[in-house]
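Here are the chains, one letter per residue:
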Amino acid sequence: MDYEFIKSRLHLYAVLQNIEDLVQYDDVAKKLIKDWNIIIKFSVRKAGSVYLIFENGKCTVRELSPKKPDIILFFTSPAHLNKMFDGKANPIPLKGITKLGFLTKKFPKLTERLEYYLKPDDQKLKDKNYITINTVMTLNTALYALKELLLFDPIGEHAAKKVKGSMVMMNVNKGPAVYIEQKGNTFEVHKGYAQQPLAVLEFNSIKIANDFLNGKMDAFSAIASGAVATKGHIEWLDAVSPVLDRVALYLS
Amino acid sequence: MKVEAKGIKYSVSSKSKSKTYTYTKSQKLFQRALKVIPCGIPGHFSPAPFVPPTMYPFYAERSKGSHFWDIDGNEFIDYMCAYGPIVLGYNHPQVEKAAQEQNSKGNCMTAPGKIMVELAEYLTDTIAMADWAFFAKNGGDVTNLAVMIARAATGRKKIVMIKGGYHGVAPWMQGYGHYGVIEEDVANIIDIEWNNIKQFEEAIAANPGAIAGFIATPYHHPTFADSEFPADGYWQRIRELCTQHGIVLIIDDVRCGFRLDIRGSAEYFGFKPDLACYCKAIANGHPISALVGVDALKTVAAKVFYTGSYWYQAVPMAASLATLKELRRLNAPVLMNKIGKKLFEGVKKICASYGYDFKVTGAYSMPYVRITNDPSNMLHQEWCAECTARGAYFTSHHNWFVCAAVSDKDIQKTWSIADDVCKLLKKKYGDKF
Chain R
1 MDYEFIKSRL HLYAVLQNIE DLVQYDDVAK KLIKDWNIII KFSVRKAGSV YLIFENGKCT
61 VRELSPKKPD IILFFTSPAH LNKMFDGKAN PIPLKGITKL GFLTKKFPKL TERLEYYLKP
121 DDQKLKDKNY ITINTVMTLN TALYALKELL LFDPIGEHAA KKVKGSMVMM NVNKGPAVYI
181 EQKGNTFEVH KGYAQQPLAV LEFNSIKIAN DFLNGKMDAF SAIASGAVAT KGHIEWLDAV
241 SPVLDRVALY LS
Chain V
1001 MKVEAKGIKY SVSSKSKSKT YTYTKSQKLF QRALKVIPCG IPGHFSPAPF VPPTMYPFYA
1061 ERSKGSHFWD IDGNEFIDYM CAYGPIVLGY NHPQVEKAAQ EQNSKGNCMT APGKIMVELA
1121 EYLTDTIAMA DWAFFAKNGG DVTNLAVMIA RAATGRKKIV MIKGGYHGVA PWMQGYGHYG
1181 VIEEDVANII DIEWNNIKQF EEAIAANPGA IAGFIATPYH HPTFADSEFP ADGYWQRIRE
1241 LCTQHGIVLI IDDVRCGFRL DIRGSAEYFG FKPDLACYCK AIANGHPISA LVGVDALKTV
1301 AAKVFYTGSY WYQAVPMAAS LATLKELRRL NAPVLMNKIG KKLFEGVKKI CASYGYDFKV
1361 TGAYSMPYVR ITNDPSNMLH QEWCAECTAR GAYFTSHHNW FVCAAVSDKD IQKTWSIADD
1421 VCKLLKKKYG DKF
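From first to last, the protein sequence lines stand for chains R and V.
Numbered according to the working numbering, the first sequence spans residues 1 to 252.
Numbered according to the working numbering, the second sequence spans residues 1001 to 1433.
Note that these hints are calculated values from the structure, not bench results.
Predicted model only: the values in this text are computed from it and were never measured.
A couple of the hints might just be wrong.
Capping the alpha-carbon separation at 20 Å, the derived lysine to any residue pairs in SDA-like fashion look like this [to be verified]:
| hint | chain 1 | residue 1 | chain 2 | residue 2 |
| --- | --- | --- | --- | --- |
| 1 | V | K1035 | R | D211 |
| 2 | R | K31 | R | P108 |
| 3 | R | K46 | R | G101 |
| 4 | R | K164 | V | R1032 |
| 5 | V | K1432 | R | D211 |
| 6 | V | K1413 | V | T1395 |
| 7 | R | K216 | R | I206 |
| 8 | R | K162 | V | K1432 |
| 9 | R | K162 | V | K1035 |
| 10 | R | K216 | R | D245 |
| 11 | R | K162 | V | D1191 |
| 12 | V | K1338 | V | T1361 |
| 13 | R | K162 | V | K1349 |
| 14 | V | K1349 | V | L1241 |
| 15 | R | K162 | V | E1061 |
| 16 | R | K216 | V | R1032 |
| 17 | R | K164 | R | Q182 |
| 18 | R | K162 | V | K1338 |
| 19 | R | K161 | V | K1349 |
| 20 | R | K128 | R | N214 |
| 21 | R | K162 | V | I1189 |
| 22 | R | K162 | V | K1272 |
| 23 | V | K1413 | V | S1376 |
| 24 | R | K128 | R | Q182 |
| 25 | R | K161 | V | K1272 |
| 26 | R | K109 | R | P91 |
| 27 | R | K164 | V | F1224 |
| 28 | V | K1025 | V | G1065 |
| 29 | R | K162 | V | Y1354 |
| 30 | R | K164 | V | K1349 |
| 31 | R | K164 | V | K1338 |
| 32 | V | K1272 | V | N1196 |
| 33 | R | K162 | V | K1413 |
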């Protein structure tokens, strides 16, 4: 699979899902979508599609929607979507022309907020609330991206052969958690704690998780020094570690 | 409870006797190390696979016999044996005497010492299939040389190896996906499953006249899974296929070597490889490895240019000769398996009395062990960590090693620790597992 395709899958399935957490944890975003009752479909030719379902002050991001979308944003190619994420292209609205006001005025305010949290700097990370939200998003992005890379990235595909029957959970001690399970020929990612995880990578604190996930700390040092705890099938953690490092190759 | 195993009777009191260790100095030194050494302790000595690392010692101070002491002064019965090299016990008197005597005469010199020839003669006399010997430093040096010789001898590129097999750290050995390994490094490697003759036949059929060598360990001992012995007739069929198709048969005896059979592990399993790689057990901790081979490959081996700055050191060769003589005198592989059987069958009984299934696979001299009650391995990891923190050094990954110096007293103490830890875990988890 080519770079643009994988990158677009990461944008669709690993980045956009962060809106769920954004509207849950960020007061500004929460206020923005309070009265939204709308379904937006992102459809990318030869890459896939995803629905952003806003209702009752919440957002859920799914590959399938129980209802038809109100707006369809079409992208002619994976590269087209990637350009939009770089701010260099616009989607083609296939449905919802009457909602142009929403698309051009309201929705961009939400994506700006998403961008604010996904592009940290040292100053922003000093804020406790910011670092918490950024860490939740980075943690979730990592495992949703891991799924895509295990399915499509050449090194990920190799690693996928070593994690048959796996269930790996990553969490912050007494904090956010996310886990990935191998199911049949694919993987499923779930936010929250697994009941009986088979492999665990636990960060001692939000700060450690943030440093680790942003490549400021190597895994071996972090684990040996006790900043990060691993247990269970650590061979699976070992197998996916180089794959997780590849997320930055696509999303940095 | 009582445990009885050939000549040893053991009973455990109802009170826990062992105290747990602390590692303040190890942790402090590790923090210093992190500043100047990548990940503090790199490679297979990294504490990262320990679960949790904080219950293991990071730095050793000294060692003797079957024990080592860490820099916090904690004493351990060592069931990792420096990950294999210690076979007679630390600081073995005959070995160290031979090394010191050679050192007083010369070590790293402008020409090899006489000892190199003496060692080659003794090694080829000991290992049944060996007609010649070539010396290097690490196991990976000689597994790599073996592959080069196979390619030089056949004029072919491809190498068949076993999935999950370990032959060192060169890129082709690590496999694609590991840091720093590119697709081209493994372009000529064909991975097949252990004990799967059909896959080897298919690989030969799919690559006619292209396979230079087949490399595997005598039995399969992956780092994170149970060990597996060869199925009946496996090696004999592999030998037939290699001979039939002109493929060089390479046995990586680096880990098993002299822990199964003093004549080499191929003898133990009843076949004759073309090349065999040795390292860990041949010098009881002194740095040396050896590739041995059949006469038909000697000329090609002579043509492959392969060397290193310290490969002609005489001291490790003297240590190796003394080690091999002692291994032969003791028939150490038989002895280590006897010790291991007594020890681990005893632990198995202790664990069983608490409802824990202590599964031992591979040879008793280097078993892969796990408590199977918890599919996540977490119970096993906790058991190993608690034993280690009481003085029986057990890792929860990788196979363990038993050296010839393990005494009945060591076994008794290990049983006592195992019992204490089982009791602790039973109290903690009840019948959850």
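Hints, one by one, checked against the model:
Only pairs whose Cα atoms come within 20 Å are accepted, and V:K1035 paired with R:D211 is accepted, the gap being roughly 17 Å. A threshold of 20 Å between alpha carbons decides the hint, and for R:K31 with R:P108 the separation of about 14 Å falls inside it, so the pair holds. The hinted pair formed by R:K46 and R:G101 fails the criterion: a straight-line CA distance of about 29 Å is larger than 20 Å. Among the hinted pairs, R:K164 with V:R1032 is inconsistent with the structure: their alpha-carbon atoms are about 38 Å apart, more than 20 Å.
At most 20 Å may separate the alpha-carbon atoms for a hinted pair to count; V:K1432 and R:D211 exceed this at roughly 36 Å. Using a Cα cut-off of 20 Å, the hinted pair V:K1413 and V:T1395 holds, with the two alpha carbons roughly 17 Å apart. A C-alpha spacing of about 13 Å is found between R:K216 and R:I206, which places the hinted pair at or below 20 Å, so the restraint holds. Proximity of R:K162 to V:K1432 is assessed by CA-CA distance (about 29 Å); at most 20 Å being required, the pair is judged violated.
Of the pairs offered as hints, the one joining R:K162 and V:K1035 is violated, with about 33 Å between alpha carbons and a cut-off of 20 Å exceeded. At roughly 12 Å between alpha-carbon atoms, R:K216 and R:D245 fall within 20 Å of each other, so this suggested pair holds. In summary, the hint linking R:K162 to V:D1191 is supported, as the alpha carbons are separated by about 13 Å, within the 20 Å threshold. The straight-line distance between the Cα atoms of V:K1338 and V:T1361 is roughly 15 Å, inside the 20 Å bound, and the hint therefore holds.
Distance hint between R:K162 and V:K1349 is unfulfilled; the C-alpha atoms sit about 33 Å from each other, more than 20 Å. For the suggested pair V:K1349 and V:L1241, the alpha carbons sit about 43 Å apart, so the restraint of at most 20 Å is broken. For the suggested pair R:K162 and V:E1061, the alpha carbons sit about 37 Å apart, so the restraint of at most 20 Å is broken. Only pairs whose Cα atoms come within 20 Å are accepted, and R:K216 paired with V:R1032 is accepted, the gap being roughly 18 Å.
Distance hint between R:K164 and R:Q182 is fulfilled; the C-alpha atoms sit about 7 Å from each other, no more than 20 Å. Restraint check for R:K162 and V:K1338: the C-alpha separation of about 35 Å exceeds 20 Å, so the hint is violated. For a cut-off of 20 Å, the pair hint linking R:K161 to V:K1349 is broken: about 36 Å separates their Cα positions. Pair hint R:K128 plus R:N214 holds up; C-alpha atoms about 17 Å apart against a cutoff of 20 Å.
Between R:K162 and V:I1189 the alpha-carbon distance is near 17 Å, which keeps this suggested pair within the 20 Å criterion. Annotation: proposed proximity of R:K162 to V:K1272 is violated, straight-line Cα distance about 32 Å (limit 20 Å). Distance restraint check for V:K1413 and V:S1376: the Cα-Cα separation of roughly 28 Å exceeds the 20 Å cut-off, and the hinted pair is therefore not satisfied. Restraint check for R:K128 and R:Q182: not satisfied, since their Cα atoms lie roughly 34 Å apart, outside the 20 Å limit.
For the given pair, R:K161 sits about 33 Å from V:K1272 by alpha-carbon distance, which is inconsistent with the 20 Å threshold. Proposed proximity of R:K109 and R:P91 is supported: the alpha carbons are some 16 Å apart, at most 20 Å. Taking the CA atoms of R:K164 and V:F1224, the gap is about 14 Å. The hint holds against a cut of 20 Å. For the proposed pair V:K1025 and V:G1065, the alpha carbon gap of about 24 Å is over 20 Å, so the pair is violated.
Taken as a hint, the R:K162 and V:Y1354 pair is broken in the structure, with Cα atoms around 33 Å apart against an allowance of 20 Å. Between R:K164 and V:K1349 the CA atoms are separated by roughly 32 Å; this puts the pair beyond 20 Å, and the hint is violated. Proximity of R:K164 to V:K1338 is assessed by CA-CA distance (about 37 Å); at most 20 Å being required, the pair is judged violated. Our distance criterion of 20 Å between C-alpha atoms is met by V:K1272 and V:N1196, whose separation comes to about 19 Å.
Our distance criterion of 20 Å between C-alpha atoms is broken by R:K162 and V:K1413, whose separation comes to about 38 Å.
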